[in-house]
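**Student:** Here is how the chains run, residue by residue.
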Amino acid sequence: MISAESIAARPWIWSFLGALMVWLASIAFTGGYGAGGMITAALSLAVFMVIVGIGQMFVITLGPGNVDLSLPANIGLASAVAMKVMGGSDAMVPIGLAAALGSGAAIGAANYLLIRALRIPPIIATLSASFIVQSIDISYGRGLQIKPPPGFADFTNLQIAGIPVLAILTLIFTIVASLVLHRTVYGRSVAAIGQNPRAASLAGIKVGRVRFLTYTLCGLLGGLNGALLAGYFRGANVDIGNEYLLASIAVVVIGGTSVAGGKANVPGIWGAALFLVLLLTMLNTFGVSAGIRLVLTGLVIVAIITASGRRIRV
Amino acid sequence: MADLDVESRTRRLTTLMGVAPRRLLRSMLPALSLVLIMIGIAWLNPRAISYFGFTLMLNLAIPIALATIAQMFIMTGNDLDLSIGTFVGFVGCITATWLREAPLIGALSLIAAVAVYAALGALIHLRSLPSIVVTLGMSFVWQGLAILLLPKPGGSAPDWLLQLMGLKPPWIPFPIVAAIIIAAVAHLGLMRTSYGAILRGSGGNPQAIRRAGWSLLKAKVTLYTLAGLFGVASGMALIGTTTSADANIGNGYTLLSIAGVILGGGEFIGGRVSPVGAVLGALTLALAASPLLTFMRIPPDWQVAANGAILIIVLAARALLSRQEA
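Order-wise, the sequence lines are chains E and X. With positions in the first sequence counted from 1, the corresponding number in my numbering is that position plus 85. With positions in the second sequence counted from 1, the corresponding number in my numbering is that position plus 652.
Read the hints as simulated data drawn from the structure, not as lab findings. Values in this document were obtained by computation on a predicted structure and should not be read as measured data. Check before you lean on any hint, since a few could be wrong.
Said to hold, decoys possible - Ranges between beta-carbon positions, derived for each pair:
{"hint": "1", "chain 1": "E", "residue 1": "Arg-319", "chain 2": "X", "residue 2": "Lys-820", "range": "51 to 61 Å"}
{"hint": "2", "chain 1": "X", "residue 1": "Leu-696", "chain 2": "E", "residue 2": "Ala-110", "range": "56 to 66 Å"}
{"hint": "3", "chain 1": "E", "residue 1": "Ala-113", "chain 2": "X", "residue 2": "Gly-818", "range": "52 to 62 Å"}
{"hint": "4", "chain 1": "X", "residue 1": "Gly-904", "chain 2": "E", "residue 2": "Lys-291", "range": "52 to 62 Å"}
{"hint": "5", "chain 1": "E", "residue 1": "Gly-187", "chain 2": "X", "residue 2": "Leu-756", "range": "52 to 62 Å"}
{"hint": "6", "chain 1": "X", "residue 1": "Trp-695", "chain 2": "E", "residue 2": "Gly-187", "range": "36 to 46 Å"}
{"hint": "7", "chain 1": "E", "residue 1": "Leu-102", "chain 2": "X", "residue 2": "Ala-764", "range": "48 to 58 Å"}
{"hint": "8", "chain 1": "X", "residue 1": "Leu-778", "chain 2": "E", "residue 2": "Ala-110", "range": "24 to 34 Å"}
{"hint": "9", "chain 1": "X", "residue 1": "Ala-836", "chain 2": "E", "residue 2": "Ala-110", "range": "50 to 60 Å"}
Glycine is no exception: its CB is placed at the ideal position from the N, C-alpha and C atoms.
Start from the sequences, fold in the hints, and give me the full structure.
**Tutor:** Below is the structure:
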């Protein structure tokens, strides 16, 4: 019973167990064939979910109703900005990356200004913003067929002993994010605001500034993700970020972060991202149709949230 | 709250005497924004303001209004349904295939779909689950089922549905008649009945409702069942208008329905919703989505942005009015 309790206290362990189980199921199906390749592929794709997942995690931790729905549009625009500024030349890679980060951060800041100025729920503010960003992207990225600079594309696909370099860098970034969350004034402030904004404010936390920073940070990570995705998939695309709306929320919640805010979990995001990617890999290996794959993915998300659900509504 | 009817009446009285004109203005905002959009359309293309003009422009307003009311029921209980769009698409696929070829199976599967909604309400309440995540998962399920049912766009609407949606009542265009009926039914049910007050109370002050001896579980299940019913109606109305289906046909409705409720004066928490406002919000969105923009010669690239801008302008107006009120 002690082990059951310790697992219950760390809901993110489930996501790693789940990832392990679907991986074992797929290699049992293939008879051990492609076991390593599966992990390499899963790591490469999980990276993108982890990057936006961490941004979304900070936002969700701010408390009930805080969520960034503008991430897909943000990612799409950043991918176009990065490709246009880089213009296929390796020399422009740092400037292109900076431009993509700037575009993302600007969208995040604009999100917070809408929330603040209109005093409307973040869901609807980021939704409205995403409509506008989407249009900017459609107009700006129309017919855009610029390939990423060869050096940048190679870098996003680079592997060392079967482990993608991006995954290693993202792991380091995750550790930094974890330290920021648990060891810095900013990170503690985010959690405090999520637990009780009024108490946080009375304790002298500059609530407005922390929320502004958090939305900007989330936007910035969306921008980074857009640039990296364009490099990895060799081209920008309006729809490149579409799946990251659901994915970013799903990895945060499956990873054990409280939707009610105030309680974040960084390692769980890795487990959840690997789990979701491996689940898709497993269903692909089984050769099921797109429809069944969607139904099963949905049922698994509902089952996980039901299993990890707490009885007390916060 | 229905019990506050007296208060709202006195409030209305004071507003008439000019004590709180801003509050009146605020409650009129949904209607006002619709009128503004209509004036815009009339100014740009006077011929659009006619029986046939409205029939054409508001064609898709009926399914949007029904989906918005479905979302409104979920929001009454402080939840959010991110799956209503794919659910509408799924219902559309059933309507265009089974309901035409095997009406009994079609009807049974639609009833089963509503039962799933009721079960989700019970699950969300009993396990205290975040509705956003559960419905997020369900959006995959409905989409998957729709793709299994109709891998390629196709199917066709049952004849009786086509006839219903193609009705041409005298004087008033059918979409407007339908909108009035939808608003009236939802308004009477949620705002004028005693159980409607309990339903809104389950979002506004669940503790009080529970202590008064009402079952919160039953309230949540009722809200989700109603949302399922209106979602089914929306999917059927959509297919009655478009005549054939596609697994992705309803995907945009999730965001449209949330925006419609908010435009109509509803709020995310506290059981504060307005059925009439929600229908007005849906009509505003339906008109703003394409007719207005086409007449304004806004390039297709920027139509989505115009929708976002309209949302922001209305919300800004509301925020301005509330601030001065306080």
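**Student:** Each of the hints needs a verdict: does it hold here or not?
**Tutor:** Tested hints:
| no. | hint | verdict |
| --- | --- | --- |
| 1 | E:Arg-319 / X:Lys-820: 51 to 61 Å | 54 Å, holds |
| 2 | X:Leu-696 / E:Ala-110: 56 to 66 Å | 59 Å, holds |
| 3 | E:Ala-113 / X:Gly-818: 52 to 62 Å | 56 Å, holds |
| 4 | X:Gly-904 / E:Lys-291: 52 to 62 Å | 39 Å, violated |
| 5 | E:Gly-187 / X:Leu-756: 52 to 62 Å | 59 Å, holds |
| 6 | X:Trp-695 / E:Gly-187: 36 to 46 Å | 40 Å, holds |
| 7 | E:Leu-102 / X:Ala-764: 48 to 58 Å | 33 Å, violated |
| 8 | X:Leu-778 / E:Ala-110: 24 to 34 Å | 30 Å, holds |
| 9 | X:Ala-836 / E:Ala-110: 50 to 60 Å | 53 Å, holds |
Hint compliance for this structure: hints 4, 7 are broken, all remaining hints hold.
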